[in-house]
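Asker: Protein chains in written order, with our numbering: chain A, 1 to 161; chain P, 1001 to 1161; chain L, 2001 to 2161.
Each hint should be verified, as a subset may be incorrect.
[Claimed, not checked] BS3-like mimics (lysine-lysine), calculated; alpha carbons at most 30 Å apart, straight line:
#, chain 1, residue 1, chain 2, residue 2
1, L, Lys2138, L, Lys2016
2, L, Lys2095, A, Lys95
3, L, Lys2110, P, Lys1016
4, P, Lys1016, P, Lys1110
5, P, Lys1095, L, Lys2110
6, L, Lys2016, P, Lys1016
7, A, Lys95, A, Lys16
8, P, Lys1138, L, Lys2095
9, L, Lys2110, P, Lys1110
[Unchecked claim] Pulled from the structure, derived: some chain L residues nowhere near chain P, Cβ distances all over 12 Å:
#, residue
10, Ala2010
11, Pro2059
12, Val2079
13, Pro2090
14, Arg2119
15, Glu2149
16, Ala2151
Simulated from the structure, these hints should not be mistaken for laboratory data. Backbone N, C-alpha and C fix where the C-beta goes; we use that ideal spot for every residue, glycine too.
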Amino acid sequence: MTDIETRLQALETRLKALEDETAILRLIACYGPAVDSCDRDAVGALWSENGGYDFGGPPLAGRQAVGGLVDLDTHRAYVAAGSGHVLSLPVVTVKGNRATAINYSRVYVKHGDHWRVARMSANHWDLTREDDGQWRVKTRTNRLLDGSEEARAVLSGGLDR
Amino acid sequence: MTDIETRLQALETRLKALEDETAILRLIACYGPAVDSCDRDAVGALWSENGGYDFGGPPLAGRQAVGGLVDLDTHRAYVAAGSGHVLSLPVVTVKGNRATAINYSRVYVKHGDHWRVARMSANHWDLTREDDGQWRVKTRTNRLLDGSEEARAVLSGGLDR
Amino acid sequence: MTDIETRLQALETRLKALEDETAILRLIACYGPAVDSCDRDAVGALWSENGGYDFGGPPLAGRQAVGGLVDLDTHRAYVAAGSGHVLSLPVVTVKGNRATAINYSRVYVKHGDHWRVARMSANHWDLTREDDGQWRVKTRTNRLLDGSEEARAVLSGGLDR
């Protein structure tokens, strides 16, 4: 193997790692706009066919169910009042075709002349690169930061690279 | 064309795409510090000479006018009370020398012993790479997330790559 | 030097710049999960052995002291009530083995049925790439955005590339 071959391979590997991390940031940044515009398909498209979303109650199982969260009464009430689901800059760790990310999500809802944070949660994302090369969510776990140990465990679980 | 030439070109193209996306994240991240420190020139420098900013009222047209927003009475009152204009991680889509980004912006203003969100908006950014190679804002559209269909349309408009 | 050599070197330099910026985003994104899960070691690991954190009172000097902030009474009270330390997308400027970043931090604390922003600050990070190749915090300066000139100066200090 020539020196040029070695350097090309190293560049390709390192570039792929950055592309993966950037793609995952973008995927997570899409979640808010998708749910706040009540776009069932755009939400579902972020998840694997068999992916799930566990936000404390009975988990939503499968892409259809996850996309369907835009029709939940609570969600509709947030959106009607004026809502923003904001996802913070995540800590992303890629290992081959799997990745994890942890971050904070906040649901801001209009309340009189200002907006209040109605939900503030810790999130753990398990992601997978699928056969078409796209990263999608396998499971997302969301726990309210209400002082419980469970929410803190969600955060600490994603810190090791 | 040799195999090495093909691989070099592919690397150059892919790297440029990541550099563009990273430069746009940085551009958007500069907005808050520029307005919260009332730096007219730093705000203006983010926009194209003929760029515009439409935040609901009569749009600000041209870099000078956009930079001048730091002198608006509302803005001065926010800054005097203690303000932070925070822009969320955007969904960036680059196509050649043009790009779009969507994200959330929040204006936090000190209110007694805490900070309140005085504005929570959906943003659509149209960006252009100018002759000097720098990305700048052509138009930014900002709509309060107050339950109106218009704000939701701003978010859904930026989801397709 | 052949054309291929020139192009390989250019790619390696540009890729390294992006890797640095991405590593610094990740470092900053780790702060919140580390403090909200009261993980002293995870907080300390983000700082240089002799790094410091100045958030208005007497600065914390050295990695041990910085990690020890998770035991401060104020911090323990935030975490017990339910807290999220959220760091915004930073403006990162890398120069060789040193870098600066500026961004906003917010401490959300549960208050009845919603979360309030108990601290909203401007941050300036001085970072260094250490001998093991890892970026760590040399000093972090944090000032409440309470209308004071000092906090605004923190923001404006990081705008020039």
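Asker: Between the alpha carbons of Lys1138 of chain P and Lys2095 of chain L, is the straight-line distance 30 Å or under?
Answerer: Holds, at about 29 Å.
Asker: Evaluate the condition: distance from the CB of Pro2090 of chain L to the nearest CB of chain P exceeds 12 Å.
Answerer: Violated, since 6 Å does not exceed 12 Å.
Asker: Assess, step by step, whether the Cα of Lys1016 of chain P is no farther than 30 Å from the Cα of Lys1110 of chain P, and give holds or violated.
Answerer: The hint is violated at about 41 Å.
Asker: If I take the minimum Cβ distance from Ala2010 of chain L to any residue of chain P, is it greater than 12 Å?
Answerer: violated (8 Å)
Asker: Has the given pair, Lys1095 of chain P with Lys2110 of chain L, been kept, meaning a C-alpha gap of at most 30 Å?
Answerer: Not satisfied, since the Cα-Cα distance of roughly 42 Å exceeds 30 Å.
Asker: For a C-alpha distance cap of 30 Å, please report whether Lys2095 of chain L and Lys95 of chain A respect it.
Answerer: holds (29 Å)
Asker: Compute the least Cβ-Cβ separation between Glu2149 of chain L and chain P, then decide whether it is above 12 Å.
Answerer: It is violated; Glu2149 of chain L is separated from chain P by about 9 Å at its closest Cβ, not greater than 12 Å.
Asker: Would you check the hint for Lys2110 of chain L and Lys1110 of chain P, treating anything up to 30 Å between C-alpha atoms as holding?
Answerer: OK: Lys2110 of chain L and Lys1110 of chain P at ~17 Å, within 30 Å.
Asker: Would you assess whether Arg2119 of chain L, listed as outside the interface, keeps its beta-carbon beyond 12 Å of every beta-carbon in chain P?
Answerer: violated (8 Å)
Asker: Checking a non-interface call: every C-beta of chain P should be farther than 12 Å from the C-beta of Val2079 of chain L. Is that right?
Answerer: holds (17 Å)
Asker: For the pair supplied as a hint, Lys2016 of chain L and Lys1016 of chain P, confirm whether the alpha-carbon distance does not exceed 30 Å.
Answerer: holds (13 Å)
Asker: If I take the minimum Cβ distance from Pro2059 of chain L to any residue of chain P, is it greater than 12 Å?
Answerer: holds (22 Å)
Violated hints, listed in ascending order, are 3, 4, 5, 10, 13, 14, 15 and 16; each of the other numbered hints is respected by the structure.
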